[in-house]
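2 protein chains.
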Amino acid sequence: MKNILENIETQYFKFDKLVLESGKELKDVTIAYETYGKMNENKSNAVLIVHAFSGDANAAGFHKGASKPGWWDNMIGPGKAFDTDKYFVICSNILAGCSGSTGPASINPSTGKPYALDFPVVTVADMVAGQKKLVDHLGIKKLLSVAGGSMGGMQVLQWAVSYPEALCSAIPIATTMKHSPQQIAFNEVARQSIMADVKWNNGNYYDTKQSPDSGLAIARMIGHITYMSDTSMEEKFSRKRKENNAPSGFASDFEVEGYLRYRGDSFVKRFDANSYLYITKAMDLFDVSGKNFVKTAKNKDTNFLVISFQSDWLYPSYQSEDIVKQLKLKGYNATYIEIKSTYGHDAFLLEVEDETKLVKHFLEKVYKEAENG
Amino acid sequence: MKNILENIETQYFKFDKLVLESGKELKDVTIAYETYGKMNENKSNAVLIVHAFSGDANAAGFHKGASKPGWWDNMIGPGKAFDTDKYFVICSNILAGCSGSTGPASINPSTGKPYALDFPVVTVADMVAGQKKLVDHLGIKKLLSVAGGSMGGMQVLQWAVSYPEALCSAIPIATTMKHSPQQIAFNEVARQSIMADVKWNNGNYYDTKQSPDSGLAIARMIGHITYMSDTSMEEKFSRKRKENNAPSGFASDFEVEGYLRYRGDSFVKRFDANSYLYITKAMDLFDVSGKNFVKTAKNKDTNFLVISFQSDWLYPSYQSEDIVKQLKLKGYNATYIEIKSTYGHDAFLLEVEDETKLVKHFLEKVYKEAENG
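Line by line, the protein sequences give chains U and F. Following my numbering, the residues of the first sequence are numbered contiguously, the last one being 405. Following my numbering, the residues of the second sequence are numbered contiguously, the last one being 405.
Since the hints were derived computationally from the structure, they do not count as laboratory data. Incorrect hints may appear among the rest.
The list cannot tell twin chains apart, which means a pair is met if one copy fits it or any two copies do.
With a cut-off of at most 20 Å between alpha-carbon atoms, the simulated SDA-like pairs for lysine to any residue come out as follows [what the hints assert, rightly or not]:
hint, residue 1, residue 2
1, K164, E197
2, K96, L166
3, K100, Y364
4, K241, V230
Full structure from sequences and hints, please.
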């Protein structure tokens, strides 16, 4: 059997409305999603993958003609951690995103024009509520697992808070119950950078021929610094110069500068600036700590696998340890592993070998228990 | 005796030209400086204070009518760490700065207009060369010490490289022999933010009625995140909300957001955007590691006091440890202390009690040796 998923297609689930946490209604909602593998007869082998801040529904496999596979392809596929020979894997683009699901760039049905800042503030709970509708639509009563890193991990925790009865297990990776002021601060500076770009035009740039690319690129550059570690940057760039060797004023003198500019410039081709604002705000508002945390004790059979990475300073291990502590205090089954890595926050996408072993064994055990339970 | 320095005035030292490291000549140079305390008869009690990135010549005391003292007033004055009853303390604004010394906002004598980007790239060695001219002008053959934190620490190290014979001792604080790619990256994003502001206008904004305030404010906000630690932000802000309690779109919801905006906005009132570019570039280009480091063995009587702070992640302790290692390998006297602190990089301005003890004892010893030696 080939271990490559080919000719993957994004599908679109549409529904009338979603009542948001704020009480507002979002109408004519679309959720872009993909599935990999086959659902078994009693629909007990479904795993929901939830993506990080800038991800999309294409978690695995190649779209027709694509040169690159999905963003977590090294973890999802035949024989891989999320083994599509065994499990039915689903991934959807989050609400407020810009890769097929309804977001600020979508048409506002009440005006016929893009929402822009008329798009309501959505929360991580709203994103998860949208996913729940998709899961219901697919006829799945209980997910074998929900898994994701970074902001994906927040959605995992939110699933456990909102729909504990619909989960056999949960895998929050490199994440937190709530953003620290430092995490909020990095997001805020990124938002300020977008909003300071005159082309942002208070969010109304969809009908103009220009978009706030400079501001969005700078926001992404800030992001990339936080995704890497001091060590991984040293290993990758050190103080290597670009070809323009002499001090050349304010062009890129160092390779790290060129790298950041490149990452910023390529990001603006695929991402919407208003989505950046809405999604980072949802992250900052997210807080399932304290009394917000998994309230019901009735579903203590949900198993948690919590993973963090040693050099991740954006979502440091102490935040995962806090999650584990809360879970244990509530009497849940929680396994916690801190994986050794120098990759920083990016490690959740790169430390495939250790992650694969952990996830594989965990899912096998959960699946066995669910089938026999 | 009062322990407040009052009626402090900035003085201006002017000279014809400075030949820069690049070979270019900077003409009609002004260096703004202040002095505190009295020079002794044989001019052996002079201590040069070198300032960090956004500092100025007013290191201590109150200008007439000023409500705030100089930036390191808690360390400099009668009975303080740099005791002005004993020592003659000097502080000058760096070249390329914007607080009295010649920089990109100064008039270019060959055009009669502000330099803007015609200002030459200056290095930390050039800044120190300017300080050496001032020290010569004051008739001082050998400084008792040169001390400073952050970029000030780089100047301290550069003094030891450029003019080892002119130093009895050196106190580099919270600094590095060279910027890591992460440090370069933060500076680069800040520069990009300024240059992305349309009002920057390729550096030519002095004659217009507008300046790149938005870009400069964002640059400063990024800086402030790196000056604090995760812990100090948690202690100061946690997730406290501003008065506008409800999720309010993209206004400041959290106190940390309001704080950053405030710091950004107040910074633009006192700082020049082009100076930001030139000074951060000088920091990034600075590298006295390896074969660049203090070459001459003839002046091994120079004493070093190297200080770092535990929670400083912008200039982490390992960079100070590298300095100490290089000094020890060359046979220099070096004392190294890592001060416990949760303040992050800001600690060098805030951990006054420990710093005072360390500096006070160190200077007393050096002074005694210099007088008897």
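Intra/inter-copy verdict for K96 and L166 if alpha-carbon distance must be at most 20 Å: neither (24 Å within a copy, 69 Å between copies)
Indicate which option fits the pair K100, Y364 if close means a Cα-Cα distance not exceeding 20 Å: within, between, both or neither. neither (39 Å within a copy, 55 Å between copies)
Homomeric proximity label, K241 with V230: Cα distance no greater than 20 Å: Classified as both; 13 Å inside a copy, 17 Å across copies.
When Cα atoms must be at most 20 Å apart, do K164 and E197 count as within-copy, between-copy, both, or neither? For K164 and E197, only the intra-copy Cα distance (12 Å) is at most 20 Å; the inter-copy one is 73 Å.
Of the numbered hints listed earlier, those contradicted by the structure are 2, 3.
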